[in-house]
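Engineer: Given the coordinates of chain A, work out where chain B should sit on it, guided by the hints.
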Amino acid sequence: MVSGVKPASANPVFRALADPTRRAIFEELTRQGEQTVHALTHYAGVSQPAVSKHLTVLKRAKLVRHRREGRETHYRVQPDALAPMVNWLNLYGAFWRDRFDRLEAVLERMGS
Amino acid sequence: MSHPAEGSNPAESRTRTLVIERVFPYPPEKLWRALTESTLLAQWLMNNDFEPVVGQKFQFRAEPVPNWNGVVDCEVLIVDPLKQLSYSWGSLGLGSVVLWTLTPAEGGTHVRMEQSGFRPDQQAAYQGANYGWQRFLGTLEQVLGGLD
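Protein sequence lines, in the order shown, are assigned to chains A and B. Per numbering that gives the first Met the number 0, the first sequence runs over residues 0 to 111. Per numbering that gives the first Met the number 0, the second sequence runs over residues 0 to 147.
Simulated from the structure, these hints should not be mistaken for laboratory data. Small disclaimer: the values here were computed from a predicted structure and weren't measured. Heads up, the beta-carbon is just placed ideally off N, CA and C, and yes, glycines get one too.
Here are the simulated distance ranges between beta carbons:
hint, chain 1, residue 1, chain 2, residue 2, range
1, B, Leu76, A, Lys52, 49 to 57 Å
2, B, Ser87, A, Asp18, 36 to 44 Å
3, A, Asp18, B, Asp72, 33 to 41 Å
4, A, Ala93, B, Ser87, 20 to 28 Å
5, B, Asp48, A, Ala17, 34 to 42 Å
6, A, Arg70, B, Gln58, 44 to 52 Å
7, A, Ala93, B, Lys56, 22 to 30 Å
8, B, Pro63, A, Asp100, 18 to 26 Å
9, B, Asn68, A, Phe99, 23 to 31 Å
10, A, Thr35, B, Asp72, 34 to 42 Å
11, A, His37, B, Asp48, 46 to 54 Å
12, B, Thr38, A, Pro19, 38 to 46 Å
So, partial list: chain A residues that the calculated Cβ filter (under 10 Å) puts toward chain B:
hint, residue
13, Tyr91
14, Gly92
15, Met109
Output of the computed footprint for chain A on chain B, the stretches with three or more beta carbons under 8 Å from beta carbons of chain A:
hint, region
16, 15-23
17, 34-45
In isolation and in its complexed conformation, chain A is listed as follows:
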């Protein structure tokens, strides 16, 4: 019996996605599939160096990977990287514990 998420492995992912612009870029990549830096810059509405910086952070967190083709760099999401984060066991664990508390309150109110 092991708890699913280790903060040490989830935190780089968490930190990378805590920034709204990076999160928007990442979401765009999950929606559209592979995108060029050029297209992402257009989408994000910030400068290309800023986008490149954000992409570097996402890359370090292993949330995206890239390939070069000619002058363009293409980025795509690496869904496996979310595994330490999207942990259904922990999410639902928190959900059901909260609901058990509410159930207890309802039982109290029901009277005998």
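Structural biologist: Okay, now just chain B, sitting in the frame of chain A:
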């Protein structure tokens, strides 16, 4: 307490199970009502059109959030009055089964909730990515905060 049965390889395909247990200081009859009467169920779980009839399809409905319509699609699988209740639970690309087991205990009723069918696969990761991030990260933060 949750008891995730965990494999060492997160990408493996076998399913995992979540178990939450608690003893409530009330008789099984009262627990059964709270679990099976739609209006009571709505007060602690979610709005629903549940009826304790095997084979009946129903939905739980929460407040929609960005990228999640708040709907859980279910079907009643087991109705064994005062003892067991089970329904399928489909939401956000996750198909699972919820099983409630009531056992008389000293001073009340032992309640065991088992949710099984978790597959740590890419579909789940993708759906997770689409689940409203603000809310999702808020929950995640709590989860991480609760870990050693």
